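Trainee: Protein chains in written order, with the working numbering: chain H, 1 to 345; chain P, 1001 to 1100; chain L, 2001 to 2176.
By construction, these hints were calculated from the structure, which means they are not laboratory data. Quick caveat, the model's predicted, so the values are computed rather than measured. Here a beta-carbon is modelled for each residue, glycine too, at the ideal position from N, C-alpha and C. One or more of the hints may lead you astray.
Stated by the list, open to error - Here's a subset of chain H near chain L, in silico, CB distances under 8 Å, partners left out:
1. Leu126
2. Val127
3. Phe129
4. Ser133
5. Val136
6. Val140
7. Trp144
8. Ile163
9. Ala180
10. Leu183
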Amino acid sequence: MDQATLRFIIQLAIIGFTFFMLINASALLVLAERKIMGFMQQRYGPYLVGPHGLLQPLADILKLLFKEELRPKGADKWLFTLAPIISVTAAFAAFAAVPWGGETTFFGLLDTPVKLGVADVNVAVLVVFAITSMGVYGIVLAGWSSNSKYSLLGGLRSSAQMISYELAYATALASVVMLAGSLSLRSVVDAQAGYWFGFIPRWYLFLQPLGFIIYMIAGVAETNRAPFDFPEAEQELVAGYNTEYSSVRFALFPQAEYINMTTMSAVATDLYLGGWHGPLLERWGLGWLWFLIKVGLILFAYIWVRWTVPRYRYDQLMQFGWKWLFPAAVLNLIATAAFILYFNA
Amino acid sequence: MIPLGHYLVVSAILFAIGTAGVFLRRNLITILLSIEIMLNAVNLSFVAFGRSHGTVDGQIITFFVMTVAAAEAAVGLGIVIALFRHRESLNPDAFTSLKW
Amino acid sequence: MPDTVLFYVFSAVAVGASLLVIGQRNPMYSIMLLIASFGALSALYIQLDAPFVAMAQIIVYAGAIMVLFLFVVMLLNAPQEDAAQWDRTHPLRRSGVGRFGAMLAALLTVQLVWALLRVSDASAVGARGDVAELTSVRSVGRVLFTDYVFAFEATSILILVAMVGAVVLAAREEKR
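Modelling step: build the complete structure from the supplied sequences, incorporating the hints.
Mentor: Below you can see the structure in the form of structure tokens.
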């Protein structure tokens, strides 16, 4: 087999592997959330299905698949089905521009190394941001097309929250891009290789602590997770924009939410935590294990925050986004620009 | 490779579709959408010409067109909301009280 | 060869979606179809070595302006039957006028296409210019902030004015 077809097959395999890992991530996150929530609340989570409850996601998915597919009578025929499709497509597509490993030749199988990641785009930061902002349509269409007041309110609130926090998110991204001098996520990660004084890794987390906090808060708000999950708050809005959904269409919404969480964590790892760079493992081409560990840590932080802090009220949430987070992000941007000019780095 | 004329033809067709929408539709929102189609056609033309000259100027003018389109859409929709509150109608023919 | 096929596919999607946009009764469907058209145009920009413009198109047009349109349509919620009736009673829809107009439009299209294909440079679009430099955001930024800096600053004031104007226009009148 010549190198060209081998390369083609390996790249297809990398794409398939990424997709497979994303689906696994959403299933495992369902389980992880319930187990961690259980341990934080001093009880076991699910532990009957499979050893220590490991097959619980399988049981959940089977249950959802066998439920009846309902559609309210006044619901818009096309948009009701289109909304979860948009949500989940945007969630998966956003991960396509995120690199999750360095270059590898698969132990000499290939002549030239292949990059680990679905696509290497030179404006990757913008691509991720653009596709994540398309996910808003899934929610607002779900809310509107369900022809129900809980759904409409939930959908409107959710989408207004998402577009408000996109500003702070984009400004935090801009600060990192200024430091790295490139919009390509691979270049941003490679700019974080190496160590200061031999042992402190050159992560942008240390150069941009405020930026990291802003990014994480905006990421939590973008994915509609607690403490910003008022639009799906069970106590107030039944279930928000996905009230009228059942079975498969419903299952796509939480899946889209978990994949969005994973994408946000992956981008945060690439931007602030040095991506796949770390001691030892890179020598054997296993940098992606470091990537996995760092993404796992951030996901754990997501779940931890959800079950620790109380929920924000909707107007408090919007005020925080516009009056506190966005000005802080702008200040961070100006400070970063001043820092770069002063040190001429 | 694709000749420049092909991109210009696509741009012209899109512009014509937008113009047709502005003339033929009697719904204020659809008229505004048709204006957006026209602006996009112009953007495509700018980028195609910029590429054919080998400079980035086409891309830069596109940013300004996009920004102006955003501002115009925001203000236009504000006007539509204000009008709707008066007449409860999105038909431009409902706002002809100043006509002779 | 694959470039040409992709160009035709994306152009067909853009033109077809735009045609459907102006033909739909329901403005929600029009908006979703227009987003599809913008996506196809974004792909055309990528083919023209303008990735930054392509992403800006998705972020600004498909991700922000269309969301604005969607919110307004949801807020106003005008009934659909009225919209269909308005279109039917349009003065330009009387049969003779309509046919004449369509014939003129077709004639103009044919003339335009013929002129464009004859007069414009038959060489490929990608002939001149350094691709690496054109696709880099750095060169876009450099030209934007040196040659076009006045337009840039004026546009920022324009956005501020538009923001204030939109808020004032759409504000509910205070009931005293």
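Trainee: It remains to establish, for every hint, whether it holds in the given structure.
Mentor: Right, here's what the structure says about each hint:
For leucine 126 of chain H, the interface hint holds, since its Cβ comes within 8 Å of a Cβ in chain L; the closest pair sits about 4 Å apart. Here the hint on valine 127 of chain H is kept, as its CB sits about 6 Å from the closest CB of chain L, short of 8 Å. Here the hint on phenylalanine 129 of chain H is kept, as its CB sits about 6 Å from the closest CB of chain L, short of 8 Å. Checking serine 133 of chain H against chain L by beta carbon gives a least distance of about 4 Å; that is within 8 Å, so the hint holds.
Against a cut-off of 8 Å between C-beta atoms, the interface hint on valine 136 of chain H holds, since the closest Cβ of chain L lies about 6 Å away. The restraint placing valine 140 of chain H at the interface with chain L holds, with a minimum CB-CB distance near 6 Å, inside the 8 Å limit. Hint status for tryptophan 144 of chain H: holds, given a least beta-carbon distance of 5 Å to chain L, under 8 Å. Because the beta carbon of isoleucine 163 of chain H sits about 6 Å from the nearest beta carbon in chain L, less than 8 Å, this interface hint is met.
Restraint check, alanine 180 of chain H versus chain L: the minimum CB separation of about 12 Å is more than 8 Å; hint violated. For leucine 183 of chain H, the interface hint holds, the least distance from its beta-carbon to any beta-carbon of chain L being 6 Å, beneath 8 Å.
Violated hints amount to a single one, hint 9; each of the other numbered hints is respected by the structure.
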